[in-house]
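K.L.:
Sequence:
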Amino acid sequence: MPLMTPSSILPDDTALYRQVDIKTGVFDYADLAELVSAVCSRILDSDPALVADIAAGRAKRQALTPLIQKFAKEESHRAGVFMVDLQEQIMDFLFGYGLLQPYIDDESVSDIDGTGPDEFSIKTDGQRRPLAIAFPDEKSYDIFCRLAIIRNGGIINENDSHCRVADERYRLRINVTVPPRSVNRTSISIRKHRLKAYRFPDLERLGMLDGELVSLLTYLAGSRFSVLFCGKGGAGKTTLLRAFIQAMPEMERVLIAESDTELYPDKPYCLVQRIHKPNEGGRPVQLRDLIADGLTMSLDSYVIGEIVGSEALEFMRAAFSGHRCLATTHAGSAMDALERLVTLGRSAPGGESEGLMRRMLAHGIHYLVFLSDFQVKEVDRVVPCRKGENEYEIVPVWRPIQNPKSDLTDDQHDGPLVPGPGRPDVHF
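Residues 1060 to 1487 (the working numbering) are what the sequence shown spells out, left to right.
Don't read these hints as lab results, they were simulated from the structure.
Treat the hints loosely; a few may be bogus.
Listed below are the simulated DMTMM-like cross-link pairs for lysine to aspartate or glutamate, each with C-alpha atoms no more than 20 Å apart in a straight line [to be verified]:
{"hint": "1", "residue 1": "1182", "residue 2": "1164"}
{"hint": "2", "residue 1": "1436", "residue 2": "1271"}
{"hint": "3", "residue 1": "1436", "residue 2": "1269"}
Quantities reported herein were computed from a predicted structural model and do not represent experimental measurements.
Please build the complete structure, drawing on both the sequences and the hints.
P.N.:
This is the structure in structure tokens:
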């Protein structure tokens, strides 16, 4: 009879899973993490829709138990011994954020980005820094990224190699790109939105605003002026727009239209609507459809989460129809933001002439707020140009003070930013 050595006196890595398959001579899994990763991978290949249904609350977690047991036994000869721990860790892996969970829960973190299993960074208060975490290997990292998409109702594979979804439980916008679109390896970008929106005083403490800007933006929020917030990605546009919404009159009836849920208003009397994507089944609904349909809803104001396409034309039409309109868009400057809207509007079906779009901007958009690196850099007024009704001018209203008052040039404004005595050619 061969000598049998009890697992209790073997090295830990051998005692757990490292066992030779008698038929194939191949070693079994060395640790639980590898087995969890392998089983999760097979579950995603076998039934990703079930994972999405459980994450959305349409099915119970127990529905996964047969799959876990089946795949675990096929992957490891000793899986049955550790099945309770295995099932618990698989559930945590499938429906949580694992290594990233502490940063998901940290309200000070606004962005989490990964370009590899050991290449992560986070952003807090507009500043990016490296994150000292690492997934065990490339495979577990890739599975984690795909899971973040699948359990939130997205599709990610070789044919659909990029997907953006929203996790409304944690208020996240998640982008994942996999090969072949991602040349080297999978990447993930997570934008977080606070469970409780900042208010203007909070943003003043964080350095986004100063006292004058708080007064100006508070006045604009209580007015009927349309405002466009612009800047590059991650500049703080959505953060400031959320605070702006909170400062608006309570009884103002607002339609918030978004591609992915990001604004989460705490203000009452808000209609929050989201587009319906083709992969979600049924008739697709685009952002421009939401804006156009809103014209029949007795609205006071529109809020467009982000203008990125042909919805720019419907936004201009709504602003030109007398509604107060607020939105964000990507741009390198305030002037560029208006030019970008015109460019995007050209792509809309049944579009308007460029001259008419410029006229709509001149008379429909009143203020531009440009941000960079989580700070407001300029506030401008849009006024119709005296040279022609289809043109507009940008009049500076606020700039950060960089020099003592004695060094101000003639074109710099030093005076009240709310109604009252001040520069005569700036009207609120």
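K.L.:
Against the earlier hints, flag every one the structure doesn't satisfy and list their numbers going up.
P.N.:
none
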